[in-house]
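Model the full assembly from the supplied sequences, consistent with the hints where possible.
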Amino acid sequence: MSETHAETAFARKAPVAFVADGQIPASPPPSTAVGPVKWVKDNLFPGPVNTILTLASLAFVALLAYEILPWLIDSSWAPADMSLRGCRAEASGACFAVINERFYQFIFGFYPPEHYWRPTLAFIVVVVSLWPVLFPSAPRKLLILSALSPFICYWLIWGGSIWGPVAVLAAPAVGWLIAAKGGGAITKIVGEDFGPLATIVAAVAGVAIWLLFFLGPVTGALISIAPLALEEVASNRLGGFMLSLIIGLVGIVGSLPLGIALALGRQSKLLIVKAISVGFIETMRGVPLITLLFVASTLLNYFMPPGSNFDLILRVCIMVTLFASAYMAEVIRGGIAALPKGQYEAADAMGLTYWQSMRFIILPQALKISIPNIVSSFIGLFKDTTLVIVIGLLDPLGLSSAIRADQAWNGIVWELYGFIALFFFIFCYGMSRYSQYLERKLRTDHR
Amino acid sequence: MKSTYILGAMAVAGLAASAASAATLDDVKAAGTIKCGVSTGLAGFSNPDAAGKWEGFDVSVCRALAAAVLGDAEKVTYVPTTGKTRFTALASGEVDILARNTTWTFSRDTDLGFDFVGVNYYDGQGFMVPKSLGVSSAKELDGATVCIQTGTTTELNLADFFRANNMTYEPVPIETNAEAQQKYLANACDAYTTDASGLAATRATFETPADHIILPEIISKEPLGPVVRHGDNQWGDVAMWTLNALIAAEEYGVTKANVDDMKANSNNPEVRRLLGVEGDLGAMIGLDSEFAYRAIKSEGNYGEIFDAFLGPNTAIGLERGLNAQWTQGGLLYAPPFR
Chain A
138 MSETHAETAF
148 ARKAPVAFVA
158 DGQIPASPPP
168 STAVGPVKWV
178 KDNLFPGPVN
188 TILTLASLAF
198 VALLAYEILP
208 WLIDSSWAPA
218 DMSLRGCRAE
228 ASGACFAVIN
238 ERFYQFIFGF
248 YPPEHYWRPT
258 LAFIVVVVSL
268 WPVLFPSAPR
278 KLLILSALSP
288 FICYWLIWGG
298 SIWGPVAVLA
308 APAVGWLIAA
318 KGGGAITKIV
328 GEDFGPLATI
338 VAAVAGVAIW
348 LLFFLGPVTG
358 ALISIAPLAL
368 EEVASNRLGG
378 FMLSLIIGLV
388 GIVGSLPLGI
398 ALALGRQSKL
408 LIVKAISVGF
418 IETMRGVPLI
428 TLLFVASTLL
438 NYFMPPGSNF
448 DLILRVCIMV
458 TLFASAYMAE
468 VIRGGIAALP
478 KGQYEAADAM
488 GLTYWQSMRF
498 IILPQALKIS
508 IPNIVSSFIG
518 LFKDTTLVIV
528 IGLLDPLGLS
538 SAIRADQAWN
548 GIVWELYGFI
558 ALFFFIFCYG
568 MSRYSQYLER
578 KLRTDHR
Chain B
127 MKSTYILGAM
137 AVAGLAASAA
147 SAATLDDVKA
157 AGTIKCGVST
167 GLAGFSNPDA
177 AGKWEGFDVS
187 VCRALAAAVL
197 GDAEKVTYVP
207 TTGKTRFTAL
217 ASGEVDILAR
227 NTTWTFSRDT
237 DLGFDFVGVN
247 YYDGQGFMVP
257 KSLGVSSAKE
267 LDGATVCIQT
277 GTTTELNLAD
287 FFRANNMTYE
297 PVPIETNAEA
307 QQKYLANACD
317 AYTTDASGLA
327 ATRATFETPA
337 DHIILPEIIS
347 KEPLGPVVRH
357 GDNQWGDVAM
367 WTLNALIAAE
377 EYGVTKANVD
387 DMKANSNNPE
397 VRRLLGVEGD
407 LGAMIGLDSE
417 FAYRAIKSEG
427 NYGEIFDAFL
437 GPNTAIGLER
447 GLNAQWTQGG
457 LLYAPPFR
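As you go down the protein sequences, you meet chains A and B in turn. Numbering of the first sequence is given in this note's numbering, commencing with residue 138 and proceeding in unit increments. Numbering of the second sequence is given in this note's numbering, commencing with residue 127 and proceeding in unit increments.
No lab work stands behind these hints: they were computed from the structure. Since no wrong hints were added, every one of them can be taken at face value.
If you anchor each label on the Cβ, the simulated ranges turn out as follows:
(1) N439/B / M219/A: 14 to 24 Å
(2) W214/A / K257/B: 32 to 42 Å
(3) A312/B / L365/A: 51 to 61 Å
Heads up, the beta-carbon is just placed ideally off N, CA and C, and yes, glycines get one too.
Here it is, written out as structure tokens:
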């Protein structure tokens, strides 16, 4: 810059009065163009409309705080008389003593207190086994735990002998053994053309025979050798957030694979597969969840032989999973439909089989597109678990009305609902954040 | 059309199958526990305490029954039922007895295929108003806004009452009792109407209960009682006479505290038969002779149960009213133990 000045001055052949011999140090930007002031100006008060909106919002927040903060601060946690009357005698605000007294009931329902460690451990197992599924940085060997965790958790929560879940777990192993070891022999007998089909039929039949005829005796024999039993806990003792989490997690974990299968089935060129998938999806989506819960709780009882006791929570889990998988199927079908035709043609051109093209080309892209909707479905499903209140299961909302029936706590409303809302918010917000993380991680397009 | 028939036939077959297993008493003895359908939560009648143990006026019926049949009041499996699931739960055998503030009506007793084994609480629909409203009778409620639970018999009773008295009202529909409390306290309605026991329980939770009055008019009959399946008369008898034993015990002055003494020393033949000292009444319903003794020993007589959960010394603070013994001007009247 200084040279330029000098040159122009020289060109004009005028006497040089002053030539700067260095650069003037940059002065700090004006305080209105940087830092918090600028941020506030840009984001809160950029124009008259936004200024008014900002002020109105601030006033609203202030009003809320003015109403709620005294209620929260002047709250009663442990009055001498553990009841609403005791709270009122002690403080004018919230009566959190009810949460204090019923905290474990909210978490575990009527689960025997001396066994609280079992659902807690099951929860830890779930968290650890979800880790490798959700985050690729986790050690891959944990996936073995993920596969086993449903059986571990069932055993921990419901108790009984460990051999029951183990024997059920052995069923897929039986099928795999038949398919892997007996496949060659079967192919030799029925010939090359029908070999694979016959192997599959034999494996399925083997699993069925195992479940129907061998499960009971084998389990009985193992129990008589070494019981390895936890004390059994009946389903009617489960409740609270544990129940919500059980139904929600089973629904979420079960509905995704089922939904993918149904979505592929609906796109299939095979008539029967397609008809079954469409029929299932439309039936399940056409019926409110509440109706399905009533079916699970009452109608199924009529159809089963008298005296048979098919666990209510299991029935509800199955119904919720089927319901959620119908929605999941449509969400994933949306993702599949969003892929350009060229992707399918490219897969065909590569000479990939149907399953290969689905696995390597179509589904990875379709699932990625569907992530926000999948997570939305999960969140919706998780919140829908509170509907089980209509069939008399004591989920957190059911417990809140049961607690209100206690003479000590009759009349408490906001504290209970606030606590339940907080719990659901934590889980739903967590799912939402995870979906955003996943979207960022998988972003490969040119946005 | 055809599939409808098939479904119908399956349902009928299922019903027939469940009705075929009639001997509930044998099933209960074999299982060692009574499956008792209770309300998911109704103040004073059934609610779980902090330890998850069910308690309340209706729960005591189940406990007394378990003490009578199985010898241990703890041998009850509680099945929380809602107003929507209670009848199917009973019909399908999911519960053995429903002790859940259920109103005895013609159609429930006949068409639904149940038997009411008696009445353990005579309730009726009433009104609650703030004192500041200056109303002392329900007949002065012309033009009032009334909080009312939708889809219940109370809604129909309310309409009948106002029509019969040539009055108008404006309903404020609400879903649950908790919601009603909030609405009523926020002055969204002038009056709140539901069963009188519910009104008392609700009023007891207010910060200033004295500012609200329950009007004297009772506009409906709500006899609440335990229900069993129709067709299993033995089980029905067991439930009925266990309930009657609790009522008779109060009439004869047998209490939880003095039952052992009465059993040993009482000269009243009625008491001696009730407690199984004379005769063998228990054997006639498939139990031992001490079934009533055990029920009273474990839960106390009717009056004691009432006082423990609903009476003047509880937060709910209900008077006996219609639920007093017939000798005290109430409706409780146990047939003779003979």
